[in-house]
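As a plain string of letters, each chain reads:
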Amino acid sequence: MVSAEVRLGELGVELPPPPVPLGAYVEAVRSGNLLFLSGTLPLELGVPKFVGRLGDSMNLEQGRLACRLAILNALSLARAHLGSLDAVTRIVRSTVSLATTHDFALHAKVADAASELLMNLFGPEKMPTRMVYGVSSLPAGVCAAVELILEVGA
Amino acid sequence: MVSAEVRLGELGVELPPPPVPLGAYVEAVRSGNLLFLSGTLPLELGVPKFVGRLGDSMNLEQGRLACRLAILNALSLARAHLGSLDAVTRIVRSTVSLATTHDFALHAKVADAASELLMNLFGPEKMPTRMVYGVSSLPAGVCAAVELILEVGA
Amino acid sequence: MVSAEVRLGELGVELPPPPVPLGAYVEAVRSGNLLFLSGTLPLELGVPKFVGRLGDSMNLEQGRLACRLAILNALSLARAHLGSLDAVTRIVRSTVSLATTHDFALHAKVADAASELLMNLFGPEKMPTRMVYGVSSLPAGVCAAVELILEVGA
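Residue numbers (my numbering), protein chains in the order written: chain B, 85 to 238; chain W, 85 to 238; chain L, 85 to 238.
Hint data in this document are derived by calculation from the structure and do not stem from the laboratory. All values derive from a computational prediction rather than experimental measurement. Do not take every clue at face value.
[As the list claims (entries may be wrong)] Keeping only pairs whose Cα atoms sit at most 27 Å apart, straight-line, the calculated BS3-like set for lysine-lysine is:
no., chain 1, residue 1, chain 2, residue 2
1, L, K133, L, K193
2, W, K193, W, K133
3, W, K193, B, K133
4, L, K133, W, K133
5, L, K133, B, K193
6, B, K133, B, K193
[Said to hold, decoys possible] Quick look at which bits of chain W chain L covers, simulated, 3 or more residues with Cβ under 8 Å:
no., region
7, 97-110
8, 118-127
9, 213-224
Heads up, the beta-carbon is just placed ideally off N, CA and C, and yes, glycines get one too.
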């Protein structure tokens with residue numbers, strides 16, 4: 085079984101500090117074996133990056149970097165809550181929201197940046213389902229946000 | 085432990101009648117300890133209010149009132165299904181959708197109107213995770229909608 | 085109790101082949117008694133149909149056909165994963181995303197095409213909660229996508 089914590093080290097990936105709520109909510113709630121995480125943005129040391137829209141001011145590569153950064157923020161949150169990413173038995177659900185123009189259609193390519201990182205860290209056995217939306221706008225004007233539901237314990 | 089039912093009285097907040105489905109679906113489904121609610125709109129006696137878009141025909145304060153009204157409709161639904169809001173052991177997830185222009189960025193401030201009401205009624209121990217989207221349009225043209233997943237019993 | 089498999093035959097509805105992932109994710113994850121499905125598009129033999137936006141290049145009837153086709157893809161996925169649709173004890177959640185102009189407001193009428201099919205196949209006892217969003221864009225440019233959370237076993 086792959087250890088996501090070991091893989092992080094092997095890949096030289098460093099997690100950002102866990103995001104703090106932008107309002108009156110919490111970042112993680114566990115109910116039974118499911119851990120729900122709040123939506124995470126592409127924050128670098130707490131500062132929103134990749135502000136703009138795909139198909140307009142943001143290109144494919146920027147979108148991919150934004151997804152990758154958003155998922156790193158989500159994983160940082162998960163680690164802060166669970167102590168270790170190795171407590172995750174399965175990633176159940178990933179929802180990727182992209183701020184896009186109405187004629188953008190490369191959602192899968194952009195969202196794959198988040199999914200591929202999960203694959204590299206957790207291995208194929210823990211891969212989640214996925215939904216990708218092209219939305220009108222996201223908090224702080226960023227072009228990507230991610231939501232995860234994780235399974236922990238059994 | 086805070087009683088949401090007592091708090092409603094203390095705050096003088098009255099719940100609207102529980103919304104009825106606008107189509108071929110149901111308003112609440114319980115599975116295990118989770119109660120999933122359908123998305124709720126800012127309905128006043130069943131009539132959609134706050135029709136428009138944030139960043140355009142709807143301002144920040146209208147958006148906040150719309151969120152507050154939508155969450156009151158959700159709580160009315162929860163009470164209708166559970167008998168009492170005090171059966172809620174945790175609010176697991178809140179999803180706030182706002183109809184916005186593409187350059188709107190004040191999602192957190194608007195969604196906080198819903199989150200703050202939950203905080204005032206349920207207390208900090210039951211606060212949910214949150215995701216806020218800026219969407220293109222919502223049913224009936226309203227500027228805000230809310231979805232809740234609640235934990236009930238254990 | 086209604087058998088969805090029997091009903092499919094009675095209604096002469098044929099399920100399309102189960103969709104395959106467009107990226108680095110999986111199509112179904114079971115955790116406890118919940119089966120999460122990835123978002124499904126209106127695919128015909130794997131080809132995206134109903135490309136466009138409601139309120140613009142797609143009309144109400146096309147939106148309804150797109151929803152119906154997307155939900156058939158979701159059911160095909162569920163059957164591929166579970167062996168039979170009769171393993172579904174409840175449809176817990178349906179999320180319908182529609183690519184729309186910002187002044188579109190007939191979400192409920194469009195989404196009902198998916199909900200009515202579920203009703204016809206599974207009967208009123210298994211009907212899900214629902215949320216409908218009008219989004220800016222969807223993967224591959226389609227005008228509708230569907231996500232289901234199913235309950236299986238007890």
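These are the hints, each one checked on the structure:
1. K133/L <-> K193/L: holds (19 Å)
2. K193/W <-> K133/W: Answer holds: K193/W to K133/W is near 19 Å, not above 27 Å.
3. K193/W <-> K133/B: Roughly 19 Å separates the two Cα atoms, so the pair holds.
4. K133/L <-> K133/W: Roughly 35 Å between the alpha carbons, so the hint for K133/L and K133/W is violated.
5. K133/L <-> K193/B: This hinted pair holds, its Cα atoms lying about 19 Å apart.
6. K133/B <-> K193/B: Satisfied, since the Cα-Cα distance of roughly 19 Å is no more than 27 Å.
7. 97-110: holds (count 6)
8. 118-127: holds (count 4)
9. 213-224: Since 7 is at least three, the answer is holds.
The structure is inconsistent with hint 4 alone, although it conforms to all the rest.
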